Amino acid sequence: MQMDTGFPMAPGSLPPAAPADAGLAERLLDRARLLLQGRRPLEALPMLDRLDRLPGLEGAVAILRAEALFGLARLEEAAAAADTAIAEGPGDPHRLQLRARIRLARGERPGAIDDAAAAVMAVPSDPGAKAVLGAALLEDRRFDEAVYFLGKAFRADPANPMSQARLGQAFMLAGRHEAAAEIMAHCELHAPAMPGIAALRAQNALLAGDAALAATLAGAALARGVAEASVHSTLAHALVAAGRLMDAAPHFTAAARLAPQDHYLAHLAAAASGTASDRATDGYVAALFDGYAPRFEGALLSLGYRVPGLFRRAVERLLPAVAAGEARLGPVLDLGCGTGLVGVALSDLLGDPLVGVDLSRGMLEQAAAKGLYAELRLAEIGAALRQDTGAHALIAAGDVFCYLGRLEEVLDLCRQRLAPGGLLLFSVERGPQGSAWQLGQSGRYAHAPDYLETCLAAAGLAALEWREEDIRLDAGGAGAGPDGGRPCRRPLRWRSPRAPAWRLAKDATARPSRPWPRARRSRRCHCCCEPQPRATAGPGPGSIWALPWHNWAGWWRRCRIWNAPRTNCPSWRSRMSGSVPSPGCGVNRNAPQPPFARHWRATRAMFRPWPPSRPSRRKPGASPKRRR
Amino acid sequence: MEFAAARLALHRGEAASALEGAATVLTQRPAHAGAARLLAEALLALHEPTAALAEVAVRAKADPFVAGWPLAAAQLHEIAGDPAAAIAELRTAEMLAPGEAEIQAALGRMLAAAGRGAEAEAVLRTAIIHRPTDLDLRNLLATVLWKANRLGAMLEMLDSAIAEFGLHPTLLMNRALALNARGEQDAALAAADAAVAGSEGGTAALVNRMAVLPYHPGQGHAAVLLAAGQDIAAELGPVPPPLHRRPRARRGRLRIGLLSGGLGVHPVGWLTLAGLEALPEAEFELAAYVLKSRQDQLAARFRARCAIWREMGEAEDATIAAAIAADGVDVLVDLGGYGEGGRPFVLHHRPAPVQVKWVGAQFSTTGLPCIDWMLTDRWETPPEHDCFYTERSLRLPDGYVCYTPPPYAPPVAPLPASARGAVTFGCFNNLAKVTPAVLAAWARILADLPGSRLVLRTPVLGEAATREALRHRLAAAGLPPGRVLLEGGLPHRDLLAAYGGIDIALDPFPYTGGLTVCEALWMGVPVVALAGDSFCARHALSHLSNVGLPDWVATTPESYAALAVARARDLPALAALREGLRPRMQASPLCDAPRFARGLAQALRSAWQDWCDGADQADSRAGASARAAIQPGVSRISPSEASCAGPA
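Chains as they are written, first to last, in the working numbering: chain A, 1 to 628; chain B, 629 to 1276.
Everything labelled a hint here was simulated from the structure, so no lab data went into it. Incorrect hints may appear among the rest.
Sample of chain B residues at the chain A side, in silico, Cβ under 10 Å [said to hold, decoys possible]: (1) A688; (2) R931; (3) A932; (4) R933.
If you want the ones that stay clear, here's a sample from chain A, every Cβ over 12 Å from chain B, calculated [stated by the list, open to error]: (5) A80; (6) G89; (7) M162; (8) L173; (9) R176; (10) S277; (11) T281; (12) L319; (13) A327; (14) P353; (15) A368; (16) E375; (17) T389; (18) R444; (19) P449; (20) A462.
Being a predicted model, the structure only gives us computed values, none of them experimental. Ideal placement from N, C-alpha and C gives every residue a C-beta, glycine not left out.
Produce the complete structure using the sequences and hints provided.
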């Protein structure tokens, strides 16, 4: 038989030769099943590959191949095999469950939930299917549903430490930390050797806000001899949260050594031990912000994050034509866009497309939900700048350069991508004067001003403005302040609730300075009773104070304006539009009321002389009357 | 015929025609293992390994039920260093061509190498039936049975092989190990000597003899061990040029290398981990060269402490030495020695300037001139014993090890003798340490204490044949059979719990217990021991002195028996001692990691200073001309530290 070094036939063009021995296919299939049950997917796979294209066996072989490939973490091929298997046998719950797990491992959450739900519906009594569905819902951050299904799986087999741990994790992610602590403590008591349970318990305590307890739990686990990267990492984070940065450093190092592929821990270990690399790795930034994405905006707003607003003010200062509304802002490139806060700040000034670049998929999903960005790219900023061809009027890099040490290259790329006269806005953390750039213990880089000047000059960018600002409140008090850690403060203006309104409205023009009648500080909507903020300061066309008081028409109009339903009340609006039926109770609060029935005080006030001479009848020290 | 032609073609270098020929042979005889191997080699000559595998995969897809393709793929995986994939392909080949001896043999070999003993045994037995003339298979089966602690079956196998093949040195060496493990030290030493005589040079037989010698009651003395070590050194040949680069910093962070296959749940792990973990990170950087990868909690703790972690596994001695030298290790600590899995000859290549021997088959001097220091203490090597060591003694202030108590150790049980009325003696040591003199002493003890009993627990006693053989020896020594209990092995936690049934532990001699003594003390059981003159004979003396019980160590077998009887008669004192033993041990230097680490740090620094002084002196003696001749090496000096006065 002639055979050249190429092959005489393309694979797949001829049907495979049937085995000489009739029972061989059966034996191979049985052996492969045994090996899969014995958790040996690598050994089962060559046998299954040979049975793959034999007629009559496709379905059975496909599902076993899918299982073997899933066990070997070859997820694409496993998904293809699972699809074949389900095409052969659509309603089989076992196949649906396997495909759900494969899809979950690949990150296809909606598909995984569909398959898992179908498996549960096919066999409602199977706790394994419910466990898979619970895990899929947990990945999708639908915590309550996940807790429901994992709870069902747990109740079917309460002694199984795996189901206990999963349910505890679901509680923890749903924010129900006491329930999580209880079930995890139970799991650890009965199965102390289960990998990851000690770290999970400590993590739960840390997320509940009790850093001291988290440190105690993790330390106890280490003393017991549980040496896992997750335990060291949780202990290090707990110590950082408690402010003990020096104690955390050896644990970051130990965690990084135990998990050498984890870039997040590697970067933190380098930061903690003072061995700096050139820049934070992509893996670190992606891992950090993927985990942070869901609660990013809430956390930063509570910290008083000011960078988007500062950028907007800078644009208004430096591009007055745009601020005045005469010109629109050209193409804007937002490096490290995150959840799109800079886009929100500049949204009304945009004339041309806004493009955002970020390394974290979770953050980009949040940005996409805002609907402001024309294009969102999942890329590293250097790579994105190199690939980009446009000339941008504005490049904004808010809180991105703190993850880079050396800035020469990226500043040069920014200059190349700016249109003539374009503007680059960036924020950095200020480092000490002598060193060019320094990796701080928080994992972020700080740059010295002279180094920045050198880099800008080398890149060919002219520095228009340097401003020192407090970017946010930090737990340690050393936010973006200068070296020395001056605690940054938000300017807060409190308004005493007792101060009469007329005193505050001193600046308003054409405002009679009458002490009486007093305007309510907070008006309440009479249908939803929510306090309504004051719409405008000072008189406007519809203001009560601009009306003549002394005649009937003025009084009538004042009452109507005062008592008019608050048109910005959503519940009123929906009821008025007829989309929501009004309750059929005696008093119809929805219809505008005639003034007399409700506002007898105002009626009496019409005839009351000015100023009031009689002291009020209320006892001294009583609380002021509140209108219901 | 075509096969021979194809093989010739490959020899001549015509890989393409060899490939064709091999493929032709396989189409005619699908299970021809030689043709498959030839095909693999020809493909490797033509393509890259991944491309070769892809080609074989394509052919296998075209002809799925031919056994030759998975055989070729297995060969390629084996060459690429992927044993798991090779085993997978061989299993398929075995299913496609059942009964083929070559496939069985290859599969058995791979399974044994992967450590899957149960499966390997079944396959190897089948393979031996089909290929009775293959010596390697029998040897391999012997190794598999050794790892499974089935010494009776192993000896049976070896005896039948010797009957068929004659006195082959490898068979004799394995036989020596098996006999030694059963406690038949004389026969073991005789077999080892025969292996030395039968092998033509080479160190393997000498190392095997060295492994068996310390257990021998008559020959296990320091002087004999020193002579044996020096024989090995003589056999090694000339010293190759040192691999480590100069110059080095005198002060600054020292890089300590650890060469071992026991960095995990192993006596080396239990006795060294606490001390190494407590070494300050700022002054000592640890680099581990792992000869056997382990996945357990102690291994994870080692991994967390060591900055550099290199899995050496199957590499050659020279490769390992090159890696150690490339990392710039200052002090190399050998934790393997002549024991199983140890690679003492890596140090022969001088990868580090200072080389130290510590725990890990540390039963005597190594005899090798390349090892500079022996890390020890004043009880293990008192000054008068220095003549028995070719290394210099680096004495630590307290004990030479720091014990890590297992975190899952059960609490100390109350004294069993209080409930039972009579004392239970126990020996959980390896049966190899039990010599006729030990049995005689034990017989005297049991005779003096009516009602007392003795419990021997070790994994090899799980096999009936070994138990029977031991019972014969016990009867010959005069031990009453009804009062001696022979038990098999247990998981570690249960083994510690089993100490709850023992009142006094009796240590054997000349090779005393090491880790066993520490475990017994941690479980509240005091140990009666006898101290000899070799390093391994004084392990128990060191641990007991460290804990503060030096009066539990005797010097002659008669005083050993008398001491045991005297202690057994004083039950209240025994109970009080048992209660207080664990806290006492916790407070003692044996478990005090920070204290041990301070001593260890000082010792390592002094060894390093000593080398630096020696290097300075050598340089100053060399003079200006030599200075011109030496090339400046690539240095590892940290910029802020002063360097040794080396060539500029």
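Outcome of the hint check:
1. A688: For A688 of chain B, the interface hint holds, since the closest Cβ of chain A sits about 8 Å away, which is under 10 Å.
2. R931: With a closest approach of 6 Å, the R931 of chain B hint holds.
3. A932: holds, 4 Å
4. R933: holds, 7 Å
5. A80: Answer for A80 of chain A: holds, closest chain B Cβ roughly 16 Å.
6. G89: holds, 23 Å
7. M162: holds, 20 Å
8. L173: holds, 26 Å
9. R176: With a cut-off of 12 Å, R176 of chain A remains clear of chain B, as the shortest Cβ separation is near 31 Å.
10. S277: holds, 16 Å
11. T281: Label holds. Min Cβ-Cβ 19 Å, cutoff 12 Å.
12. L319: The claim stands: L319 of chain A keeps its Cβ more than 12 Å from every Cβ of chain B (closest is about 49 Å).
13. A327: holds, 55 Å
14. P353: holds, 44 Å
15. A368: holds, 39 Å
16. E375: Non-interface label stands for E375 of chain A: nearest chain B Cβ at 38 Å, farther than 12 Å.
17. T389: The assertion about T389 of chain A holds, with a minimum of 37 Å to chain B.
18. R444: holds, 24 Å
19. P449: holds, 27 Å
20. A462: Holds, because the least Cβ-Cβ distance between A462 of chain A and chain B comes to about 38 Å, which exceeds 12 Å.
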